[in-house]
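> Given next are the chains, with one letter for each unit.
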Amino acid sequence: MTNSIREIPISQGFLVIGSNTTENHPVIGSMIKNEVINKGKKLIVVDPRRIELARYADYYFQIRPGTNIAILNGFMHVLIKEDLYDKEYVKNRCEGFDAMAEVLKKYTPEYVAEICGIDNPQDIVAAARLMAGLKPMALYYSMGITQFVSGVNGVKSTANLQMLLGNVGVAGGGVNPLRGQNNVQGACDMGALPVSYPAYQPVASEENKAKFESAWGVTSLSTKPGLTILEMFNHAIAGNIKAIYAMGENPVMSDPNQHHVIEALKSLEFFVVQDIFLTETAQFAHVVLPARSFLEKEGTVTNTERRVQLMHKVLPPVGEAKDDWWMVQEVANRMGANWNYKKAEDIFEEIRKVTPSYAGITYERADYTLVQWPCPSQDHPGTQFLHKDKFSRGLGLFTPIDYTPPAEEADFEYPMVLTTGRILDHFHTGTMTRKSKVLDENVPEGFVEINPNDAQNYNIENGEVISVSTRRGSIRIKARVTDKIKPNTVFIPFHFFEACANVLTNDALDPACKIPEYKVCACRIEKIQA
Amino acid sequence: MDTITLTIDGKKVQGERGQTILEVALKNGIDIPYLCYHPKISKTGACRVCLVRINGTMLKASCVEPIVEGMDVVTEDEEIVKIRKFVLELLLSDGDHNCLYCEANAACEFQALIQRYNIQEVKPSPTRIPKEIDYESSNALRRNENRCILCGRCVKACREIQVSNVWSFAERGSETHLVADDGKKIGESSCVKCGTCAQLCPTGAIKFQTVIGRGANWELTSIPSICIYCGVGCKIDFYKNRSNILVKAMGNYTGPNNGHLCVKGRFGFDFVHSEKRLKKPLIKKNNVFEEAEWDEALDLVAKKLSEIKEKYGSDSIAALSSAKCTNEENYIMQKFMRSVIGTNNIDHCARL
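Protein sequence lines, in the order shown, are assigned to chains A and B.
Reading the first sequence from the start, the letters are residues 1 to 530 in this note's numbering.
Reading the second sequence from the start, the letters are residues 1001 to 1352 in this note's numbering.
In case anyone wonders, no lab produced these hints; they're calculated from the structure.
Check each hint, because a few of them may be wrong.
Dumping the calculated PhoX-like pairs for lysine-lysine here, alpha-carbon to alpha-carbon at most 25 Å [stated by the list, open to error]:
#1 A/Lys39 <-> B/Lys1040
#2 A/Lys266 <-> B/Lys1284
#3 B/Lys1304 <-> A/Lys266
#4 A/Lys135 <-> A/Lys39
#5 A/Lys209 <-> B/Lys1309
#6 B/Lys1303 <-> A/Lys266
#7 A/Lys266 <-> B/Lys1276
#8 A/Lys342 <-> B/Lys1279
#9 B/Lys1185 <-> A/Lys437
#10 B/Lys1280 <-> A/Lys343
#11 A/Lys39 <-> B/Lys1043
#12 A/Lys156 <-> A/Lys390
#13 A/Lys313 <-> B/Lys1279
#14 B/Lys1304 <-> B/Lys1279
#15 B/Lys1285 <-> A/Lys266
#16 A/Lys437 <-> B/Lys1279
#17 A/Lys437 <-> B/Lys1276
#18 B/Lys1309 <-> A/Lys224
#19 A/Lys266 <-> B/Lys1280
#20 A/Lys313 <-> B/Lys1276
#21 A/Lys313 <-> B/Lys1280
Residues of chain A placed beyond 12 Å of chain B at every Cβ, according to the derived structure [as the list claims (entries may be wrong)]:
#22 Lys105
#23 Asp119
#24 Leu130
#25 His380
#26 Thr383
#27 Lys388
#28 Pro400
#29 Glu445
#30 Asp454
#31 Glu464
#32 Val481
#33 Asn488
#34 Glu498
#35 Arg524
#36 Gln529
Estimated spans, in silico, between C-beta atoms of each pair [said to hold, decoys possible]:
#37 B/Arg1017 <-> A/Lys135: 24 to 30 Å
#38 B/Gly1215 <-> A/Lys390: 51 to 57 Å
#39 B/Ser1168 <-> A/Val465: 35 to 41 Å
#40 A/Val465 <-> B/Pro1124: 50 to 56 Å
The beta carbon of each residue, even a glycine, is placed where N, CA and C say it ideally should be.
Produce the entire structure from the sequences given, and follow the hints as far as they go.
Structural data, given as structure tokens:
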């Protein structure tokens, strides 16, 4: 997030696009609801599913999956055409406006409504006018913007809109991606990425190579960017990747095109997994090392608003389970390293030295105060919102972006569109929530949401087990007939291994950031003949 | 910001315009008893326990009375004590408060005030109506409305914090009672089980199902940590009993969640006690996992990775780090892959 959770009361309105906030980030969802329902703030929601927030929205757009860019361009078209954008801000703080405006010309409300499947183009005009009057308006998004082959462009479009409205670098505004895991922000910050060292310092740079060689007392660090998860699996099948070391990940459940992932894991010469359970993925390992759960260890995590917080040891470890860092250190030392970290804080002190944005954060500050990176020194208060007065790169860059269709569109053979996501009571691959009594009782099994029109056409009853197939696989799953979902579209949560959405999903990737297109693929639903 | 100076119990204190006497008193360490007030919801002014005397004359509910320059507040005198006792006795006579059977025992704000003001057993009120007991309908919350003092915290928690508007009061006078939705049982209502009402309830009227049989309140210890689920990073006070079993999760008021939690953050942690947890290293031999000692397992991992690195080169090895692990663990994993293995093949599920 460019901005902070505590700024929600300052925002005059919200654009929520591609985020089912009340189910997937419920605490933030409630804060937004409080502003909208109890204080009369404005809300615009864009989502293929009629999510809870849609009920309270001033304008709700039930778009076809994968058409975010078109509708964002549509809003911007109106703002420019009607001269409603923040001209002062655009002039002083941004560049690239003319090129973008040129591309936006064709995104008339009628053209956009056609692409997105919206009945009334005038709603796009009205919503854009409303946005122009909200000073500031915060934009919230999640994987409903990013998990497309056009994911990077989707993100840039949200930035285009917020800059056009003058909402970046101001309290209560911002472009606010909601991170889906408690430390996905931190894992990225720490350089658990194939292209960067901690704090996003590129591995391809000779200067960074020298810096980390000196910090770590090693020579010959590689300047060749590594592989992303899905590339690793492709290369495993091709025979180039021979061993994988997995710490707390469950790609068999979480990655698209499950059959492909399993094939990759089976083709490895050596596969080691550290986890708290024998997950679907760990089944394929040669060695499994028992890890401590989050309640049994100490360490820091960084939330969606860049806030670093300290986790405490609440419970004693189970059996012989060990800290993940301890296991990696033991393996490293057996391979010739000479590491001597005694506790998590020793590692954090090293992190501070090589991660400029974390340099001023200590365990004490993380535990007792509110501190958000960038925090370059101990007397620095941390950063509540980014891009104040000027952007990190100087001027905010408008990027001309055209709508591009998803990798796979509905056709004669696969006439429906499948989209996937999470639900309130479960989390990610279900490893934890399905072993929690209350949550498991609340939603014990998977389901597919089908619009009543489609249900009627296919003669499907609510609760009936049906078959859902794509070019990658087929599953059996219970139908949940609901007008929450758009006609010709179905939704499946991916938490349930016995009705696994990722058997079906497409592993087509965004060319820039390699995110898979979980949110849209062509599918077919069929009644199972008795 | 306008600063206002006033006197509370002879002590000069300062507050900001718009603050109430109770807020300023609490901030300055001056104890005024209260029941319906809670810092995270709007002011109610219903219970009248927080009455104070202003300028030697009038009595006002300090939770709703704004501070004024030069105000002289007395938080307790003979008459105030008498009124507080009377209010508490009325509340007591209108319910069924037997702490022996109550899971809130020792963590009950009402009980604490009954003891503070040395209230003895009172006769049941003649207008008292037995109210709903529902220990069954929800797997998350249990209710005994005979312990309800109608403070309204649960109604406001659901309206202003969770914003689901499940709870409200029905009827009037001695017949006033709490209803979920339009009179449904809580388990059949639109409740999403965030548990905020139970966290704020000052008595045992709404409590968590999960506390039953896991130890009395005074046996519990609490340690704060951060939720393992989504990226909001809610801070949670985890309560455990003497056998190290988790009993309840309460939202911590200093975290980004400001005390609030969702159903996962409230009830989603018993997986740590699961029988299925891994307790020993496992090595697959002849396609079957066998338990191994740490040294054997770690030696094997190091040997295999060294062999593969030697034979196929550093870039033939890859690692999946984790958005579920700490910063320290992710840092160590990428340092290991880069400096020991010699590759940048490291990623995690950021995109997934």
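> Please check whether the beta-carbon of asparagine 488 of chain A is more than 12 Å away from every beta-carbon in chain B.
Since the minimum Cβ distance to chain B is about 26 Å, asparagine 488 of chain A lies beyond 12 Å and the statement holds.
> Is the Cα-Cα distance between lysine 313 of chain A and lysine 1279 of chain B 25 Å or less?
It holds: about 18 Å lies between the C-alpha atoms, which stays within 25 Å.
> Check the following: the C-beta atoms of arginine 1017 of chain B and lysine 135 of chain A are separated by a distance inside 24 to 30 Å.
26 Å, holds
> Holds or violated: lysine 156 of chain A with lysine 390 of chain A, Cα cutoff 25 Å?
Given that 25 Å is the threshold and the Cα spacing comes to 18 Å, the pair holds.
> Please check whether the beta-carbon of glutamate 445 of chain A is more than 12 Å away from every beta-carbon in chain B.
16 Å, holds
> Beyond 12 Å from every Cβ of chain B: is that where the Cβ of aspartate 119 of chain A lies?
29 Å, holds
> Hinted pair, alpha-carbon criterion (25 Å max): lysine 313 of chain A, lysine 1276 of chain B. Please report holds or violated.
Roughly 21 Å between the alpha carbons, so the hint for lysine 313 of chain A and lysine 1276 of chain B holds.
> Verify the proposed pairing of lysine 1309 of chain B with lysine 224 of chain A, using a straight-line Cα cut of 25 Å.
16 Å, holds
> Take the C-alpha atoms of lysine 135 of chain A and lysine 39 of chain A, compute the straight-line distance between them, and say whether it is at most 25 Å.
15 Å, holds
> For a C-alpha distance cap of 25 Å, please report whether lysine 39 of chain A and lysine 1040 of chain B respect it.
It holds: about 16 Å lies between the C-alpha atoms, which stays within 25 Å.
> Any Cβ of chain B at or closer than 12 Å to proline 400 of chain A, or is the non-interface label fine?
At about 25 Å from chain B, proline 400 of chain A clears the 12 Å cut-off, so the statement holds.
> With the threshold set at 25 Å, check whether the alpha-carbon distance from lysine 266 of chain A to lysine 1280 of chain B stays at or below it.
Holds: lysine 266 of chain A and lysine 1280 of chain B sit about 23 Å apart, inside 25 Å.
Going down the numbered hints, you'll see the structure goes against none, and every one checks out.
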